[in-house]
Every structure is written in C-alpha cells, then in structure tokens.
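Colleague: One-letter residues, chain by chain:
Number of protein chains: 2
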Amino acid sequence: MLDAPFAKWIDEHQDELIARLKEAVEIPSVSGDASYRPHVVRMGEWLKAELEKLGAEIRSVPLGKQVLDGQELDLPPALVGSLGNDPKKKTVLVYGHYDVQPAALSDGWKHEPFQFTHDKETGRLYGRGSTDDKGPIMGWINAIQAFQETKTEIPVNLRFCFEGMEESGSEGLEELVIKEAKGEFADVDAVCISDNYWLGTTTPCLTYGLRGLSYFSVSISGPAADLHSGVFGNVVHEPMTDLFDLFSKLVTPQGKILVPGINEKVAPLTDEERKLYEDIDVTLGDFEQAIGAKVTISEDKAEVLMGRMRYPSLSIHGVEGAFSGQGGKTVIPAAVKGKFSIRLVPDLDPDEVNELVQKYLKDEFAKLGSKNTLKVEMLSGGKPWVASIDHWNFRAAKDAIETVYGKTPSYTREGGSIPITLTFAEALGKNVMLLPMGRGDDGAHSTNEKLDLSNYIEGTKTLGQYLLNVPAAAASA
Amino acid sequence: MLDAPFAKWIDEHQDELIARLKEAVEIPSVSGDASYRPHVVRMGEWLKAELEKLGAEIRSVPLGKQVLDGQELDLPPALVGSLGNDPKKKTVLVYGHYDVQPAALSDGWKHEPFQFTHDKETGRLYGRGSTDDKGPIMGWINAIQAFQETKTEIPVNLRFCFEGMEESGSEGLEELVIKEAKGEFADVDAVCISDNYWLGTTTPCLTYGLRGLSYFSVSISGPAADLHSGVFGNVVHEPMTDLFDLFSKLVTPQGKILVPGINEKVAPLTDEERKLYEDIDVTLGDFEQAIGAKVTISEDKAEVLMGRMRYPSLSIHGVEGAFSGQGGKTVIPAAVKGKFSIRLVPDLDPDEVNELVQKYLKDEFAKLGSKNTLKVEMLSGGKPWVASIDHWNFRAAKDAIETVYGKTPSYTREGGSIPITLTFAEALGKNVMLLPMGRGDDGAHSTNEKLDLSNYIEGTKTLGQYLLNVPAAAASA
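Residue numbers (UniProt numbering), protein chains in the order written: chain A, 1 to 477; chain B, 1 to 477.
Simulated from the structure, these hints should not be mistaken for lab results.
Among the clues, some could well be false.
[To be verified] Derived list of chain B stretches under chain A, where covered just means 3 residues or more per stretch with a C-beta under 8 Å from a C-beta of chain A: (1) 130–140; (2) 232–245; (3) 265–277; (4) 292–305; (5) 315–329.
Each residue gets a CB set at the ideal place from its N, CA and C atoms; glycine is no exception.
Let the hints inform the model, and build the full structure from the sequences given.
Modeller: If you want it as structure tokens, here you go:
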C-alpha cells in the first residue's frame with residue numbers, strides 16, 4: 001500500500017485525471033487516415049501544452065512528408081523535450097505515442113469509440129486510445145502533476161519522446177532518435193516505454209524482450225501465363241507443387257524449424273530462466289481462451305510461454321498469385337509467391353537468418369529436379385531485443401509494482417516486435433524497459449478498447465513511484 | 001482430292017457459305033451475360049429457321065430458368081430435331097452450341113469481335129464464335145444444303161441437338177439428353193460432336209478421349225480467429241503448416257501422384273497405344289510455345305502427349321482463407337482450404353478416387369500429430385471418357401479426312417473435360433466421336449478468335465463426306 005503524498009493526491013483527484021484522459025480520447029488522432037490528420041496534429045498540440053503546463057521544455061519536431069490516400073501530407077510532428085537538468089540525477093527517457101488506430105461504431109463498438117465512456121459498474125474507461133497509448137501518456141503527466149502539487153521533488157531528469165505515427169509505421173522516428181542520441185537524449189541513462197500490456201488481467205508485468213522478424217517471399221515461376229489444368233496437368237512442372245514441397249520442409253507441425261543453423265543459434269535455456277516462465281501468472285486455459293480452441297502445441301504452461309517468448313517461430317502466411325477464391329478453379333498458377341516469416345530471438349540476426357534460408361531453400365529446390373525458377377527474397381528484417389532485468393531500471397520498476405500492487409511483477413517477453421524499442425536500445429546504448437499500464441484484455445487494436453480505472457490510477461502511481469525509486473536502485477547497482 | 005458433286009458445289013459457293021457464318025457471328029449470343037440473353041434467343045431462332053429451310057423438323061425445347069447477374073432469366077432453349085427417318089439407314093446425332101464466350105474490343109481484339117472480318121491475305125475468318133462453335137454448326141448446314149442442291153441422297157438419318165448454354169455450364173442439357181434418349185434420340189446409332197480443335201495447325205484430328213475430374217477442397221481449422229504470428233507463432237498448431245505438409249505428399253514435382261491406389265487403376269499402356277502418340281503430328285517445341293517456357297516434365301514428345309491425354313494429373317490450385325495479397329502480413333490463418341484436383345483417365349472413377357483421397361489424407365493428417373481439424377470434401381467429380389476408334393463412326397470420319405485432306409488424322413485425347421460428351425455416351429450407350437473443324441491456334445476462348453477459311457471449307461466437306469461414308473463403314477463393321 002502506497003501512502004506517499006503524491007499517491008494520495010492521485011486518489012483524491014481521480015475525477016480530474018479521468019477528465020484529462022477523456023479530453024485526450026475525444027481527439028480522434030487516427031494516423032492511418034488522411035482525413036484525420038488535422039486531429040492528429042491537434043492532439044500533438046494539446047499534449048505539448050499539457051507538458052508545458054508542467055514546466056517541461058518541448059519542441060515540436062517536423063518529420064517530413066508522406067503520401068497517404070493519394071495525398072501528400074506533413075507527418076505529425078514528434079514531441080521532444082525535457083524536464084529537469086540536474087547533473088547529479090539520473091536521466092530517464094519516456095516514450096509514448098499520441099496517435100491511435102482507426103475505429104468506427106459500425107465495427108461493433110458498444111459506445112462511440114471517440115466518445116469517452118466511463119462505465120461505473122465495471123470500472124472501465126472505454127474509448128479508442130484509452131489504453132493504447134493515451135492512458136499511459138496521461139499517466140506520466142498525472143504523476144508529474146501529483147509530484148508538483150504535493151511538492152515532491154522529482155529525483156530524476158526526464159526526457160520525452162512522443163510520436164504521432166506509431167500506428168502507421170513510426171515514419172521518421174528512427175532517424176530522429178539516432179539524431180537526438182547526440183542531442184536531447186545524450187544524457188539519458190535508461191528508457192521506459194509504457195505501450196504494451198500485462199499478459200493477463202491480474203498480475204502486473206515488466207517486459208524485457210521482443211522477438212525480431214525475418215519475412216520472406218519465395219517466388220517460383222515457370223509457364224508464361226496461367227494454364228488450364230486439363231490441358232497442361234502432368235505436362236509441366238507446376239510452381240505450386242514445387243512451393244508445397246519446399247515449404248513442407250520449413251517447419252514441423254510441432255513448430256520445430258527445419259532450416260539448418262537456426263535452432264543452433266538460439267541461446268540455451270538456463271534453469272533460472274525456465275523458472276521465470278514457470279512463475280508467470282498465467283494458465284494454459286488463459287491461452288486456450290485467447291486462441292479460442294485447444295490447439296496449443298504444448299500443454300505445459302512454461303513451454304507455451306517459451307514458445308511465444310524465447311524460442312523462434314516460423315509461420316506460413318499465404319500464397320500470392322494462386323487461386324484464393326471460394327469454390328473451384330482448375331488453374332495451374334504460372335508464378336506464385338509463398339510468404340513465411342521467422343520470429344527471431346537472441347542470438348539470431350536477420351541477415352544471418354536470410355543467408356541460412358536462402359542457402360537451404362536453394363539447395364532443397366535443386367533437389368526437386370524442377371525446371372521452374374526460384375527466387376528467395378527477405379522482405380523485411382528486424383533484430384530481436386532482450387534487456388537485462390538485473391539493471392536498476394527494472395529494479396526501480398519492480399519495487400514500484402510491489403509497493404503499489406503488493407505483488408511481484410511477471411517478467412515477460414513479447415512474441416511480436418516493437419521496432420522503436422530496438423532503436424532506443426541501439427541508438428542510446430542504454431537499458432530499455434517496457435512497463436505496461438493496461439491489461440491483456442484491453443482490446444488495443446480491436447473494438448471496445450478500454451482501460452480499467454484501477455489500472456489507470458494504480459498505473460499512474462506505479463509510473464510515479466518508479467521515478468522515485470530510481471536513485472536508490474541506481475545507487476545499489 | 002474430293003471431286004464429289006456436293007464438294008464441288010461447296011467450292012463454288014464459298015461466298016454464300018462465308019456470308020452464312022458472318023450472319024451467325026454477328027449475332028452476339030453470349031450466354032454468360034444477362035444483358036445479351038435476347039441475342040442468344042435470337043441466335044436460336046435464326047438457327048432453327050436455317051435448319052427448317054433444309055426440311056428438318058426442329059423443336060425449341062425450354063430448359064427452365066436461371067438466375068444470372070441478379071436477374072431471373074429463361075434459359076436459352078435447346079434445339080432438338082431430325083432430318084430423315086428411313087429405318088434402313090443409320091441414325092447420326094449431331095451436337096453443337098450456338099452460344100459464345102464474352103468478347104470486347106478492349107480485351108485486345110484487332111477487329112470488333114462481333115463484326116465478322118474476312119482477312120483475305122491470311123485467309124482467316126475473325127469473330128467471336130467463328131470456330132467455337134458457329135463454324136462447325138454452319139458446316140453441318142452447309143453440307144446438308146450442298147447435298148440437297150446437288151441431289152445427293154443423304155445416306156443417314158440425322159438427329160440434331162444444339163444448345164445455347166455450353167459456355168455457361170450447359171444448364172439443363174443433361175436432363176434433356178437423358179429424356180430424349182427414349183424420345184427424339186431413341187434410334188441414334190452414333191454421335192458426332194464438332195466442338196474441339198486440332199492439336200496443331202496442319203493435321204486434322206479425331207478425338208476419342210477426355211479426362212475426368214475430381215476436385216477437392218481440404219479444410220484445416222484450428223484457432224477461432226486469425227492470430228498474430230508474433231504472439232502465437234510456436235504456440236499453436238498452425239493450419240497452414242499442416243496444409244503444406246499434407247499437400248507436399250500429393251504429387252511429386254515430376255507429376256507422379258502419391259495417393260496410393262490411383263496409379264494402380266490406370267489402364268496399362270500397350271505398344272500399339274504408345275505408337276498412336278508417337279504418330280501425332282506435334283513437336284516438343286509446339287508445347288513449349290504454348291506454355292511460353294521450357295518447363296515440360298519430359299522432353300519426349302510421346303511422354304508429354306501421354307501426360308496430357310492418357311495419364312492422370314494432380315494440380316494444386318490455391319489456398320482459400322490465407323494471406324494472398326502483395327507484400328507481407330504476419331498472420332496465422334485460423335482456417336484454410338487447400339484446393340487441388342485430379343484429372344482422371346480410365347479406369348479411375350471419381351467416387352473411388354474420392355475414397356482413396358479421403359483415406360490417404362486422413363491417415364497422413366493423423367501422422368502429423370496436430371490438434372487442428374481436417375475436413376476433405378470432393379467439390380465435383382466427372383468420369384473420364386474414352387471411345388473405341390475401331391468403331392465405324394471413327395472409320396467413316398477417318399476415311400473422310402483422308403479423302404478431303406489427303407492425310408491420316410491424328411487420334412487425340414483431350415486433357416480437359418467436355419461433360420456433355422460423357423452424357424451422350426452414357427445416356428445413349430452409343431459411340432461418340434469428336435470431329436474438330438478448327439485449328440489448335442484458333443483462340444477459342446481468347447482474343448482474336450478465328451477460323452481459317454480452308455478449315456471452314458474443307459471442314460464442311462469433311463462433315464459431309466463423313467455422313468456419306470457411314471453406310472459403307474457400318475456395313476464392314
């Protein structure tokens with residue numbers, strides 16, 4: 001139980017903090033739709049003003065132009081700035097994004113998505129952006145305000161990086177971070193990103209890893225045009241036959257990757273690490289509920305978690321250029337592109353994986369004895385990221401969670417990618433931590449996105465307490 | 001060289017016969033487009049009148065209704081009738097279709113597709129339906145007229161079956177043929193269908209076989225909805241992984257079907273039969289030109305021909321429910337349907353093939369150890385058809401070709417299906433022969449469809465001479 005003055009202030013000013021989130025949610029800052037761009041810009045201006053009210057120095061940094069829906073548009077600016085410059089204090093960089101996913105009532109929302117709805121019966125705060133990522137950004141503002149209102153000294157220097165394009169590929173941000181690594185972010189000691197979710201609904205998490213990705217397109221082409229299977233079946237080498245033969249050699253139905261050299265590069269599991277997964281507060285049933293069927297590869301909770309978090313995976317996504325409609329069509333597709341991707345974990349590097357995949361597929365294709373032509377292309381590659389949970393950054397957050405929630409956080413890794421995490425880690429060379437505010441069932445990119453009021457309030461306290469804990473945690477490092 | 005009076009009449013009245021084909025081509029009887037339906041009906045009326053001018057008794061038989069482009073329409077009627085009823089003569093049923101494929105100048109035609117164009121330099125008659133199938137129907141009419149103008153007795157009784165829905169699934173025709181098997185077609189001794197093409201451009205063909213078809217849809221489903229591969233990769237059994245594993249066991253890149261029991265049911269090849277293929281006037285280069293690439297499984301002409309004509313084939317057509325767009329999408333499809341089909345030859349029966357495929361795929365799926373669900377469905381099945389080329393029907397046609405063209409026809413089988421052929425063979429229990437008029441490069445369903453004038457004129461003579469040959473051929477049977 002946290003009874004610090006700033007926490008008490010937060011409890012006593014809940015209505016004010018809810019009103020702040022309401023204001024933010026009701027600006028429909030959808031970055032992926034050109035017609036909403038003025039709202040994204042307005043949201044950035046609103047956020048800049050809120051931060052400036054707290055005394056922060058904020059620059060609105062133009063990121064150039066983009067073409068969207070056939071129009072050339074200015075990218076929404078990034079907000080870069082600082083609060084505090086005491087050389088005796090540690091400096092923490094806080095990241096968030098003020099843009100949101102698209103949403104429409106007709107998608108199946110119970111309430112207007114851009115009308116903030118506080119359901120007092122369930123304690124849920126509904127609205128697009130409530131949990132992704134306006135709630136967490138408001139959390140930082142709330143915490144700083146609470147410090148100031150209660151004359152609590154903020155024991156760290158803060159740096160801010162808020163963007164308006166996260167839901168649309170974070171265009172322009174990587175270059176900005178690399179540039180500011182020698183500018184605004186030069187003194188940063190640690191980074192805290194609050195933009196993901198607890199694994200479940202009851203236990204707070206700290207996230208220390210993300211999988212990387214190598215996405216492949218495998219083209220097999222033969223005839224000059226699609227052929228009729230009656231006329232050319234058993235006459236030509238069919239690209240689809242070759243593709244199915246080749247892709248059947250990528251991964252087993254049990255998820256084991258068959259490309260030689262991949263599994264060998266995965267860091268071996270330690271007993272200590274396995275225990276981390278066993279300790280995570282989630283059940284097989286939670287997974288089966290999320291999947292909607294009992295189709296997990298393993299029925300051991302820790303194995304399922306490790307399948308997502310600490311082992312690579314290979315998924316076949318589809319085929320371009322083949323028949324994909326309903327019913328039947330007797331076509332021999334002349335040229336097809338099979339798509340698959342590999343999720344990467346340390347020590348797998350996308351370029352190395354590309355080499356392994358290229359060599360393997362070319363060797364296997366040669367064995368087919370087909371006269372068709374193979375081309376293997378890596379469409380995109382992103383490295384995996386894992387941070388040390390022994391760093392003071394994580395300890396400060398762990399202690400904060402224990403103080404606020406009275407329970408130890410689960411240490412989680414995400415199966416997917418949040419590319420900006422890796423950018424911060426590589427450009428700054430500092431510890432990066434993901435400290436989620438919302439729950440696993442918040443529906444971030446789905447309909448009826450919500451943030452539980454308790455997560456908003458206790459999450460705000462957690463962010464504040466984390467900052468308060470930094471000096472002691474860093475001192476004992 | 002044929003110097004019979006009817007043939008001389010044909011040579012001397014070429015302009016009249018060309019004018020008849022022009023009239024037919026310029027009625028745009030597209031059966032697959034509701035807005036053209038009145039033209040299809042008009043074409044049927046025109047054809048009925050032409051036949052009646054020759055003294056034939058023709059009934060216009062309504063075939064019921066269909067829904068097309070959102071409208072309920074009357075199906076174009078079938079024309080059923082007779083010319084001659086002499087019990088001492090053999091009775092030959094002639095089939096053709098008076099509807100055509102869609103066509104538009106914008107598809108890449110050099111001339112308006114429904115404006116008949118006689119290119120005198122190349123001797124080509126351009127227009128939609130010129131070769132498929134108005135040229136051959138005019139051929140029958142021309143030949144009968146030539147007999148009548150030259151007082152040549154027609155030594156057979158004729159029965160007619162002309163439909164207006166062949167390009168749109170021959171709706172209603174099967175029922176009609178089965179019914180008329182005990183009516184108008186009760187006395188039929190043999191059937192002649194002129195609705196396919198020579199294999200190449202120089203040697204006339206007689207076609208005695210068609211492959212059948214078993215079309216399969218293989219559903220594999222697991223999760224309740226599509227999943228994110230970052231979050232669920234290596235967590236769930238992925239339907240796509242199972243599908244690729246399963247389909248890789250269907251056929252080799254060399255076209256060998258791996259479903260046990262299929263190859264065993266294919267009639268063994270005799271030396272005599274192999275010689276038929278070696279004698280066919282076509283080269284590997286002809287195939288490579290049609291395919292647009294050097295990707296034939298075999299480089300032996302006879303093997304290539306047999307791959308198309310006398311062996312089964314298995315083609316994988318595509319996947320429904322997976323990612324099929326351009327670029328990359330990191331989805332784990334929750335439920336997919338793989339589509340493949342097997343072309344059937346004697347003695348493969350679609351129902352038996354269905355049983356073999358069902359059992360094989362279920363057995364192989366069980367070996368995968370996947371928790372997903374498999375469902376195998378045969379969407380459609382059609383039997384193969386092979387006729388005896390020793391029948392007098394074929395001998396009458398062979399002799400006619402030798403007389404008219406001065407060369408022996410190639411005996412061919414088609415790799416695809418013409419379902420009505422099998423219907424005639426089964427409903428009437430008589431020999432059915434395909435006697436093509438046009439060449440392999442006529443572009444039947446493509447742009448710039450044409451019929452060479454020489455094929456039109458010599459083809460007309462061939463149809464006539466075939467009828468004249470029937471009594472002698474039948475007598476020596």
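Colleague: State whether the coverage of the segment 315–329 of chain B by chain A holds or is violated, taking the criterion as 3 or more residues with Cβ-Cβ distances under 8 Å.
Modeller: Check passed, 14 qualifying residues.
Colleague: Please check whether the segment 265–277 of chain B has three or more residues whose CB lies within less than 8 Å of a CB on chain A.
Modeller: Coverage by chain A is violated for the segment 265–277 of chain B (0 residues, Cβ < 8 Å).
Colleague: Given as covered by chain A, does the segment 232–245 of chain B meet the bar of three residues or more with CB within less than 8 Å?
Modeller: holds (count 12)
Colleague: If you count the residues of the segment 292–305 of chain B with a beta-carbon closer than 8 Å to a beta-carbon of chain A, do you get 3 or more?
Modeller: Since 7 is at least three, the answer is holds.
Colleague: Between the segment 130–140 of chain B and chain A, see if three or more residues pass the 8 Å beta-carbon test, and mark the coverage as holds or violated.
Modeller: violated (count 0)
This entry does not satisfy hints 1 and 3, going by the numbered hints stated previously.
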